Amino acid sequence: MLSRVADALFWMSRYLERADHLARAVDVTFHLDLDLHGVLANPVELEWNALLTLLRQPPPPVADGEHPVAAVQRWLLLDMANPGSVMSCVNRSRNNARSIRGSISPPMWRELNKLHWRLSDPSLRGRVAESPHDFCQETQLGVLLFHGVCESTLTHDEGWHFIQLGRHLERADKILRILDSKFSLLERGDGVDLPIRALQWGAVLKNCAAYEAYQRLYISRVEPERVVEFLLVNPDFPHSVRFCLTRIMQSLTAISGRLPERCDDEVVRTVGRLLNDLVYLDGTSLDGERLHAFLGDALARCARIGHHLHEQYALQ
Amino acid sequence: MTDLSMRQDGVGFTVYRAEEGIERVWPMDPVPRIIPAAEWRRIEAGLIQRINALNLFLWDIYHEQHILRDGIVPARLVLQGGYFRREFVGVNVPRRIYIHICGTDLIRAADGEYLVLEDNARTPSGVSYMLQNRQVLKRVFPALFSDYDVLPNDDYPAALLDVLQYIAPESATQPTAVLLSPGMYNSAYFEHSFLAQRMGIELVEGRDLLVDGNRVFMRTTRGRQRVDVIYRRIDDDFLDPLTFRPDSALGVPGLVNAYRAGTVALANSIGTGIADDKGVYPFVPDMIRYYLQQDPLLNNVETFRPEIPAQRSHVLANLDRLVVKRVNESGGYGMLVGPASTREQREEFRREIEANPRDFIAQPTIQLSTHPTFVDGRLEGRHVDLRPFILCGERVSVTPGGLTRVALPKGSLVVNSSQGGGSKDTWVLAEGRS
Chain A
374 MLSRVADALF WMSRYLERAD HLARAVDVTF HLDLDLHGVL ANPVELEWNA LLTLLRQPPP
434 PVADGEHPVA AVQRWLLLDM ANPGSVMSCV NRSRNNARSI RGSISPPMWR ELNKLHWRLS
494 DPSLRGRVAE SPHDFCQETQ LGVLLFHGVC ESTLTHDEGW HFIQLGRHLE RADKILRILD
554 SKFSLLERGD GVDLPIRALQ WGAVLKNCAA YEAYQRLYIS RVEPERVVEF LLVNPDFPHS
614 VRFCLTRIMQ SLTAISGRLP ERCDDEVVRT VGRLLNDLVY LDGTSLDGER LHAFLGDALA
674 RCARIGHHLH EQYALQ
Chain B
45 MTDLSMRQDG VGFTVYRAEE GIERVWPMDP VPRIIPAAEW RRIEAGLIQR INALNLFLWD
105 IYHEQHILRD GIVPARLVLQ GGYFRREFVG VNVPRRIYIH ICGTDLIRAA DGEYLVLEDN
165 ARTPSGVSYM LQNRQVLKRV FPALFSDYDV LPNDDYPAAL LDVLQYIAPE SATQPTAVLL
225 SPGMYNSAYF EHSFLAQRMG IELVEGRDLL VDGNRVFMRT TRGRQRVDVI YRRIDDDFLD
285 PLTFRPDSAL GVPGLVNAYR AGTVALANSI GTGIADDKGV YPFVPDMIRY YLQQDPLLNN
345 VETFRPEIPA QRSHVLANLD RLVVKRVNES GGYGMLVGPA STREQREEFR REIEANPRDF
405 IAQPTIQLST HPTFVDGRLE GRHVDLRPFI LCGERVSVTP GGLTRVALPK GSLVVNSSQG
465 GGSKDTWVLA EGRS
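Chain order of the listed sequences is A and B.
So in this note's numbering, spot 197 of the first sequence is number 570, and the numbers just go up one at a time.
So in this note's numbering, spot 142 of the second sequence is number 186, and the numbers just go up one at a time.
By construction, these hints were calculated from the structure, which means they are not laboratory data.
In this text, all values refer to a predicted model and were calculated from it rather than measured experimentally.
Heads up, a few of these hints could be off.
So, partial list: chain B residues that the calculated Cβ filter (under 7 Å) puts toward chain A [claimed, not checked]:
1) ASN230
2) ALA240
3) LEU247
4) GLU388
5) VAL419
From the three backbone atoms N, C-alpha and C, an ideal C-beta is built for every residue, glycine too.
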């Protein structure tokens with residue numbers, strides 16, 4: 374397949390995954406904010422600033438008379454001046470898709486296009502100031518529809534695998550970031566009561582669409598160690614880092630047409646080593662500083678995977 | 045409802061002067077235009093005759109130039125025409141076909157006769173709208189299709205692929221064809237990707253291709269892959285910076301030499317622009333008589349050539365009633381529609397015609413036929429034209445129907461999509477039902 378097409382498929386998928394995560398994060402933070410409003414002194418600062426830090430974004434400009442939280446929500450969801458906003462990501466995803474429309478199935482393009490138009494609807498956008506919930510739900514639903522259609526209408530050949538690569542690499546990166554930022558935040562949150570910490574860790578799970586799946590597996594209160602374990606090394610849950618890397622490895626294998634142990638390229642080596650570290654990870658050894666170091670290292674390796682991928686397949 | 049349908053499908057036609065952004069949905073009118081079988085038979089035969097003559101003309105002027113030496117077409121008109129490629133004199137193109145894809149604009153005069161307004165023999169667009177309009181109409185009015193026997197037009201992409209494979213170099217047993225597009229900012233980009241997808245071929249841009257040892261390759265995730273046929277939707281000028289415009293970033297350096305060497309086929313060929321030049325247009329009926337010894341089945345619109353002194357005085361005296369066109373322009377840009385013009389515009393054209401009479405032709409303002417069109421909740425008459433699509437490969441075929449363009453503003457005669465036109469589905473009825 375054309376290198377340019379592979380590149381556009383990869384980024385179409387990656388930007389869409391980014392929009393999905395951001396929409397979920399805003400929605401979760403919005404509801405957490407409502408929950409904590411009465412019990413913490415300044416939950417607003419705590420949670421919204423944590424989200425901005427996670428995204429490596431400075432506090433956004435606040436318009437005259439605008440509530441600071443409304444400004445953050447607008448900036449993260451709607452603002453085209455923010456290249457990382459949901460709207461910008463959907464737009465970039467759609468532009469990538471447009472440049473290679475012949476390489477995706479017509480229903481995929483339809484779904485992506487419908488998402489773009491729905492999110493451009495003035496009445497939906499107008500409601501964000503009051504509650505971002507509908508907008509965030511539309512975004513997540515649109516992304517799911519897109520991948521559902523992709524799953525059953527696009528041949529699972531090379532192009533499909535580049536879509537999977539973009540999606541899972543972005544997802545692994547986001548889960549690691551969420552864990553890293555929340556962990557250090559909550560470590561410092563001494564003196565906070567148990568129910569509230571449970572609420573906050575529940576939010577971490579919800580950020581990764583993992584709350585119900587966690588409950589079903591552990592049937593217990595949300596425990597930080599288990600959250601880390603679940604999101605890092607669970608082999609079967611789609612929003613665990615290990616699951617994502619397994620999928621990445623499968624796609625790389627399919628693209629190269631060779632078994633992983635026969636591959637001699639940097640991409641497969643980097644993915645394989647990180648995957649091994651996760652598979653044989655001793656969960657009990659990770660606390661505080663060591664966890665932070667592990668997550669930071671894993672993030673850097675994910676970045677290297679993206680880099681090697683571009684070199685290997687002459688992506689632009 | 046059709047608008048919503050088109051919007052979800054993202055059918056856009058980029059208009060160069062649109063200020064609201066690069067993408068605008070081209071409006072589709074839900075009322076189909078119906079052509080009876082007998083009427084279509086005559087149109088079809090006339091179009092086949094015409095493209096055969098144009099292909100013979102192109103072969104001739106790039107080789108022996110009989111038609112010029114016999115004085116049927118003025119030699120100067122061809123040899124000094126902006127679209128004549130002297131670099132291609134003597135080059136043998138695959139299967140001797142120059143125009144593989146042609147979109148010919150027809151209008152229907154007051155007496156019902158179809159006349160040829162112009163041939164589009166370079167990179168005609170619009171065929172995707174023909175196909176898409178049919179899809180939308182089937183979705184919106186399924187019942188109508190069971191009441192009428194409408195000839196399907198869905199075979200076009202398959203027929204086009206047949207043509208592309210037919211012209212591939214003989215050494216290629218399983219030829220690889222690609223569609224070369226200027227990219228997503230081109231006004232017809234939607235059509236490029238639509239056709240590539242329907243044919244199952246790669247949609248490439250200039251930067252995806254490279255020429256090595258006079259052979260063309262595309263850059264893929266598995267390295268280079270050989271390309272045998274290119275359906276190019278880039279004008280001659282931008283095709284190859286080494287041969288034509290050196291500032292073109294859209295083209296492929298070395299492509300023209302590879303084509304000359306016969307290692308790759310191009311559709312359409314290079315240099316076809318001289319056949320649809322507005323200056324050459326008045327001579328097409330003579331070409332048909334000259335090459336085919338037949339009378340034209342489809343006539344031209346009456347055309348005046350200001351370079352002939354007697355005709356020039358007629359044109360200058362009647363600027364307020366004529367349509368004046370520049371011979372090197374297309375797409376409805378740079379023309380004067382007499383009845384709708386201001387005194388200043390007419391004076392400007394008068395000065396230009398007097399200075400460069402060869403650069404213009406003039407035609408009577410034809411009252412295009414009107415067709416019922418859905419406007420503000422009711423049906424009103426709007427002016428229409430018709431662009432059927434002709435494919436020339438092992439045989440010549442015309443897809444039943446074509447693209448009916450409609451001038452949406454009341455009274456307007458300009459149907460170009462770039463100037464506020466819309467389109468309609470076009471139905472050719474099966475024999476025995478009309």
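The hints, checked one at a time:
1. Given hint, B/ASN230 at the interface with chain A, is violated; its Cβ is 11 Å from that chain's nearest Cβ, farther than 7 Å.
2. Using the Cβ-Cβ criterion of 7 Å, the hint placing B/ALA240 at the interface with chain A is satisfied: the shortest such distance is roughly 4 Å.
3. Interface restraint check: B/LEU247 against chain A, minimum CB-CB distance 4 Å, threshold 7 Å, status holds.
4. Checking B/GLU388 against chain A by beta carbon gives a least distance of about 41 Å; that is not within 7 Å, so the hint is violated.
5. The restraint placing B/VAL419 at the interface with chain A is violated, with a minimum CB-CB distance near 25 Å, outside the 7 Å limit.
Going through the hint list in order, the structure does not satisfy hints 1, 4, 5.
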